[in-house]
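Take these sequences, add in the hints, and give me the full structure.
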Amino acid sequence: MNKLIVFSLLCFLTRSVYAQELKVVDLTCQYQVNPTGLEVQNPALSWKLQSTQNNVVQIAYQVLVAESLSDLNKNLGTIWNSKKVSTDQSIQVKFQGKRLSSGKTYFWKVKVWDNKNNAAWSTASKWQMGLLTPEDWKGADWIAYEKLADSNVNVLPTDGKKDKYTGSNVLPLFRKEFKVTKTIKSATLFIAGLGHFEASLNGQKIGDHFLDAGWTKYDKQALYLTFDVTKQLIKGDNALGVMLGNGFYYVPPVKNRYRKLKVAYGYPKMICKLNIEYSDGTTAVINSNETWKTAPSPIIFSSIYGGEDYDATLEQKGWDRIGFNSQDWKTPLSVSGPKLNAQKEEAVKVFENFVARTIQPVANNEWVYDLGQNASGIIELKVKGKRGDTVRIRPAELLKADGTVNQSPAGSPFYFTYILKGDGIETWRPRFTYYGFRYLQVKGALPESKIESNALTPKPIILSLKGLHIRNAAKHVGNFSNSNELFNKTFNLIDWAIKSNMVSVFTDCPQREKLGWLEQLHLMGNSVRYNYDAAPIFRKALEDMKHSQTAEGLIPEIAPEYVKFEWGGDMFRDSPEWGSSGIIMPWYLYQWYGDKQVLINYYPMMQRYIAYLGTKAKNHILLQGLGDWYDLGPNPPGVSQLTPMGVTGTAIYYYDLMILQQIASILDKKEEAKSYQSLAQQVRKSFNQTFFNLETKQYASGSQTANAMAVYMELVEQKDKSAVVENIIKDIKSRNNGLTAGDIGYRYLLRVLEKENHSDVIFEMNSRSDVPGYGMQLAKGATALTESWAGLTTVSNNHFMLGHLMEWFYSGVGGIRQAENSLAFKEIIIHPEIVGDLTWAKASYNCPYGPIATHWVKTPSGLEFSVTIPANTTATVYLPASANQEVSNLGSSSFEVLGFENGRMRIAIGSGTYKFKVKAQQKSNTVGQDVMNKIYQEVKTPYKYGLVMVPKDTLHKMDCPNIFRKGKYWYMTYLIFGGRGYETWLAKSKDLLNWDNLGRIMSFSDTTAWDQNQKAGYNALTNPKWGGNYKLAKFKGKYWMSYFGGKEKGYEVEPLSIGMAYVDQHPSIVQEWKRLPKPVLTSADKDVRWWENRNKLFKSTIIADKERLTGHPFVMYYNAVGDSLPNNKKTRWYERIGMAVSDDMVNWQRFLNDPVVHHPVGITGDAVLQKIDNTWVMFYFGAFWQDRKGAFNRFAASNDLVNWTDWTGENLIESSEPYDELYAHKSFVLKHKGIVYHFYCAVNKNDERGIAVATSKELGKSKISFVGKK
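Under UniProt numbering, think of the first position of the sequence shown as 1, with each following residue one higher.
Just so you know, these hints were derived from the structure itself, not from any lab.
Yeah, the Cβ is synthetic: ideal placement off N, Cα and C, and Gly gets one too.
Warning: the hint list may mix true and false statements.
Said to hold, decoys possible - Straight-line C-alpha distance at most 30 Å; calculated DSSO-like pairs for lysine-lysine: (1) Lys384 x Lys475; (2) Lys23 x Lys220; (3) Lys1233 x Lys1025; (4) Lys990 x Lys1074; (5) Lys919 x Lys842; (6) Lys220 x Lys161; (7) Lys220 x Lys260; (8) Lys23 x Lys176; (9) Lys966 x Lys1038; (10) Lys1233 x Lys940; (11) Lys179 x Lys235; (12) Lys400 x Lys382; (13) Lys231 x Lys176; (14) Lys1025 x Lys1257.
As the list claims (entries may be wrong) - Per label pair, the in silico range of CB-to-CB distance: (15) Gly372 x Asn152: 36 to 46 Å; (16) Gly967 x Pro860: 31 to 41 Å; (17) Asn152 x Thr615: 43 to 53 Å; (18) Thr390 x Val835: 33 to 43 Å; (19) Gly903 x Leu76: 39 to 49 Å; (20) Val835 x Lys161: 47 to 57 Å; (21) Thr291 x Ser102: 21 to 31 Å; (22) Val835 x Lys1261: 55 to 65 Å; (23) Ile729 x Lys915: 27 to 37 Å; (24) Ser894 x Pro1077: 49 to 59 Å; (25) Asn601 x Gly372: 38 to 48 Å; (26) Asp88 x Gly372: 23 to 33 Å; (27) Asp1187 x Asn889: 51 to 61 Å.
Structure representation (structure tokens):
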């Protein structure tokens, strides 16, 4: 009996495990989960497979669609039974069943068979149809409170024209009471409100949307939404309420409120139809018509550009509930309206909320709240006060010098006004407008936290004031993080710009314009798609383009087009780089989602646009438009400065033609495909004849944009391609890894660099903050991507532009790419770029087939790399490994090695998770002589500029320069000896030659501390990259400094030990550094080495070992005095450089038994490290050697931070001038803008000590001299 029970249990467990091996999940219809308002007869169905097994592929499916859930649960496909279809297709499966009916809900599920003999059903999903014909709207009227005179209607205003009239309009309320007499089965509300609406049923808001419905070209269509209100409707009396706002349907011409444009389609109006189905099969309909009632709402002003004012004293309590007395309300007007189409994109909703980080008083008894994040949003005000009290709140991205908000770059005046009703605690949110802001300035109220105890205040009291971020509700599908904190901050910077400009239209900015400028749809599209499932809003953008296209075929730069800008002629309306989104974007959607329908739907629009461009071309060259907008030229940003207009426009024209040729082929339009191919070749020929310089191998001006676009669009001949790419690299390097490409060119620059295996250059360009770019924006305090590379305060500081590095984070650092000719990531490429100082990265993208994920980590022993591939896909992994490197697979998944290519192992894998380990190649213990010679040529500085800092008198000595940078200024820590001992000081310079002393930062102590009379400090964790930004890094939120300290007075009197100090504020500020209470290294330590046994530990330098070559994150090199040879007491008192490691900057342990750089006699000391290419270089000084006189500066080099190869050639610096004739030693070497600066301590024959510099380029001679010089 027991055996039978056990056997049965095993059978049950086996079946359970088997059933879980395959799951069918994430069912979508037309890209959405359980969508409503569908208007197509053949909706596209998609699903994903999950499996516990590897290499899983779907081999068949069966779709069932039914009118009821009960039928579906019985496996009855009453509307469609696809039967078993042998295919691996699991996305974009077209419904092919019976004709679908208006308003009807359909239920569906799918069964999948895989190649592992598994089969599984999904759970049920559904979709609801919209109202498919005008007849379905029969009985419902457009109704309004008032009607705009026909003479004042202006659907496409020209910017700059004077107003015909001024004044605000009524923002109306509408209500309708009705009875429900039977048991409800379902109830659906179809509603459109222009410009925006908010509906309620029995006093409760319907849905959680904001700014319904989406913006569109209102003379062509209005969008309606579909809501399931079954649960809100009750048997008996009900009340339906609707409130309307202006939006882009009507921008009121009110003085002293901001307006970007003057569009006026009409006053607000609405139409709705509530369909009720009863359990007995009968139906009822509630239509909008003249039986409704209307009145003004408490919103007394609302403008998408100017803000919103709300007078709570005008509230009519219960207006949207049953039993309200509406006898003073009037009958609405019956008016005409545009064609109705269902809204297909996700709704706008409220997401994050931000509370004040600080609240500061400003002039006129006002207060400024800093929310910490610049984002698109509204406010939520919680306040109490007297009836009629008025609170005004001005949002802004920036502050003025006096601390008040600065709206001038973003559209002013914009504000929110709330007039209290005086009824306890009142909470208010604006309903029909929004702005981009970080700061809120409050007038007329007092923050509760700022009220003194027992104080009486005549003003309203703000109990809470929040910022609420609003954006499109597109699902988040991507994540990225890595070891480079600047990159993580850059990722967030770009992401906030994307989120803040993703509403019902992709806008340029959430404050000044809020317009759908089109170029970013194709330029930033991939960056968006890696992060968000935004296919519906991209498809909606195509509808906006179609409705905005002119009779001549022009796709204007803005869609929906609400205004014509005529500055500079038509350059702000007719720019190919913008309008070409109408061709490029459908192609990208096809590639990313396998959506062939977009090609079919918009092919006529594409044809008309390409024909239009042909009429504008002169010898196939397009010269109109804005070009590489906001590139980095000599003038303030704007129209292209570095790249001729014809280059970008014509390159895009050619790209359009090549795309259109492929689309025509896919749509089986063979003759048209041939025609586009032929025209493309003519354009290519003309482009090269016009712009390519055969001698220099550059295009036009040779700008980054010109050359990169020619390469990306494959305009360049194959034989010239490598030379053009090399010219791109040279231009970047010549600018100290600086970028110049603007709005149009930067994406193509990154794409070319990645494709041509130069991601290292991308890293160098973007891992800095000292030149215009993301780092500079962050350094200036930006929290969202700004309109200009330099983060200017005169333009938008939240802009959907120039954020193309986001794409590289996923495709480059994360390595997630799609194979050529693949659709929807059916075939995946994994090609991680392990560049710069990156030590790890994680990326994931939930593609149409499922999650793709990568995670790589550099370790002392090599590289660990894991990758996850979704079921029903395959991948090729390009693993960084050469043929002679050991690669192991830590998982059970099988894979096939395809070969080796460009230093990578090509591996074919199927679905599943794989964990690879690549064993590091052993680094040579020595650096070759050719490398040493190259380093010497790179760092030598034959031109002595002279002294740059000297003591104020002959009693003090200046020593040990140590330099770092913050922003545009350089800072030097240095030592002053005045008889008692060393103290540490700080100086500042703008040009590295002229220095100003700022003050003391480590001072003598009056206590009996171990370091009371010696504090010689050296900044830790300086960026070691040669020619880099020389910034200081934080660890655990603090900046660190190592120093040697001692208790005895005098010049380097033992005992001397090494301590650690730290500060919270940036070291560029004069402040007394805090010190750990005890030294971290002493000559009395248990692990003291034989060569440091004489009670003197001197100068130290600390670097971050991001590769953990030592197995630890931090490495210290320090000087010590001790025996010259082990166990030989006759050879004492020589200085050597030792090595210690730490995991926390506090606890240090020695690393080697011997010094890292060894000379038999004299001094070897004061190491400073830089990394030149892939080689570590240690600059140090020597003195009193057997073969060299005096003191001098030299270098050693290492591949692993442990084994050092000493330079045997000429000194880098030695005595040669009167000011350094005794000693020239103790170096700090850096490279900036192509010039090497070698700072050192110069000592003259009178033992006067100061800081001097030598350079790699003649910069003249210093006029500074020692004060004691005769």
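These are the hints, each one checked on the structure:
1. Lys384 x Lys475: violated (37 Å)
2. Lys23 x Lys220: violated (44 Å)
3. Lys1233 x Lys1025: holds (14 Å)
4. Lys990 x Lys1074: holds (27 Å)
5. Lys919 x Lys842: With Cα atoms ~20 Å apart, Lys919 and Lys842 stay inside 30 Å; holds.
6. Lys220 x Lys161: holds (24 Å)
7. Lys220 x Lys260: holds (22 Å)
8. Lys23 x Lys176: violated (47 Å)
9. Lys966 x Lys1038: holds (16 Å)
10. Lys1233 x Lys940: holds (15 Å)
11. Lys179 x Lys235: holds (7 Å)
12. Lys400 x Lys382: Status holds; Cα separation ~27 Å.
13. Lys231 x Lys176: Given that 30 Å is the threshold and the Cα spacing comes to 18 Å, the pair holds.
14. Lys1025 x Lys1257: At roughly 20 Å apart (the allowed maximum being 30 Å), Lys1257 and Lys1025 satisfy the hint.
15. Gly372 x Asn152: 36 to 46 Å: holds (43 Å)
16. Gly967 x Pro860: 31 to 41 Å: Holds, at about 35 Å.
17. Asn152 x Thr615: 43 to 53 Å: violated (35 Å)
18. Thr390 x Val835: 33 to 43 Å: The hint (33 to 43 Å, Cβ to Cβ) is violated, given that Thr390 and Val835 are roughly 57 Å apart.
19. Gly903 x Leu76: 39 to 49 Å: The hint (39 to 49 Å, Cβ to Cβ) is violated, given that Gly903 and Leu76 are roughly 58 Å apart.
20. Val835 x Lys161: 47 to 57 Å: holds (53 Å)
21. Thr291 x Ser102: 21 to 31 Å: For Thr291 and Ser102 the Cβ distance comes to about 23 Å; the hint holds.
22. Val835 x Lys1261: 55 to 65 Å: Roughly 41 Å apart at Cβ, these two residues miss the hinted range, so it is violated.
23. Ile729 x Lys915: 27 to 37 Å: holds (35 Å)
24. Ser894 x Pro1077: 49 to 59 Å: holds (58 Å)
25. Asn601 x Gly372: 38 to 48 Å: Distance hint for Asn601, Gly372 holds at roughly 43 Å.
26. Asp88 x Gly372: 23 to 33 Å: violated (48 Å)
27. Asp1187 x Asn889: 51 to 61 Å: 54 Å Cβ-Cβ, so the 51 to 61 Å window holds.
The earlier numbered hints that this structure contradicts are 1, 2, 8, 17, 18, 19, 22 and 26.
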